[in-house]
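A.B. asks: Here the protein sequences come in this chain order: A and B. Residues 1 to 112 (this note's numbering) are what the first sequence spells out, left to right. Residues 1001 to 1112 (this note's numbering) are what the second sequence spells out, left to right.
Treat the hints as calculated values from the structure; they're not laboratory data. There is no bait here: all hints are sound.
Under 8 Å between C-beta atoms, here's a sample of chain B residues computed to sit facing chain A: (1) R1043; (2) Q1044; (3) R1050; (4) F1091; (5) M1095; (6) N1098; (7) F1102; (8) G1103; (9) A1104.
Model, not experiment: these values are computed from the prediction. Glycine included, C-beta positions come from ideal geometry on N, C-alpha and C.
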Amino acid sequence: DGGITQSPKYLFRKEGQNVTLSCEQNLNHDAMYWYRQDPGQGLRLIYYSQIVNDFQKGDIAEGYSVSREKKESFPLTVTSAQKNPTAFYLCASSPRGQETQYFGPGTRLLVL
Amino acid sequence: AQTVTQSQPEMSVQEAETVTLSCTYDTSESNYYLFWYKQPPSRQMILVIRQEAYKQQNATENRFSVNFQKAAKSFSLKISDSQLGDTAMYFCAFMNNNDMRFGAGTRLTVKP
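Build out the structure end to end from the sequences listed, making use of the hints.
C.D. replies: Now the structure itself:
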């Protein structure tokens, strides 16, 4: 099946620990995105990448890092510098030249 | 910066009836795209409908249609013949040059 997968579904982080959220797509989409969703709010852009080995900061990039070594993969690392990481994280992708973004199922990150 | 406003935090509708969700946005751009996404309890973001700003004709997708008023910067979603499966959060989104902005969402409950 073609689609976007995110793993794990739930992730727990201890104080001071870095964690990495996985996002993989087999849709051959060029662009990929990471969003954060807090309760009762819309999505906010963390990072996006339009091509391999290139990515841009979104509105709330502080405390996060990404890489785009392969077209199909766009992992997000939540670093210890992110003071309030508890949230729902959504990955999305879009084909070249198209504006519609398609979303993965999300990862719920909780801080212990 | 572009902003998206959804003024109805919660709405309810009886099954088989029609409901309209409101969305307004603020931009100085002339070329952009507008979207409605649905987020059911599973939290998967699902595209409902999209509209290109350069098209005057309102988009329709089966029971879903929009009323796009470019001068008023308004983009409402009409759901006809509401079904129990339409119960979800609905997010309005604005896209220009890879910058996607989401509203805070409207929680829609369809009652039997």
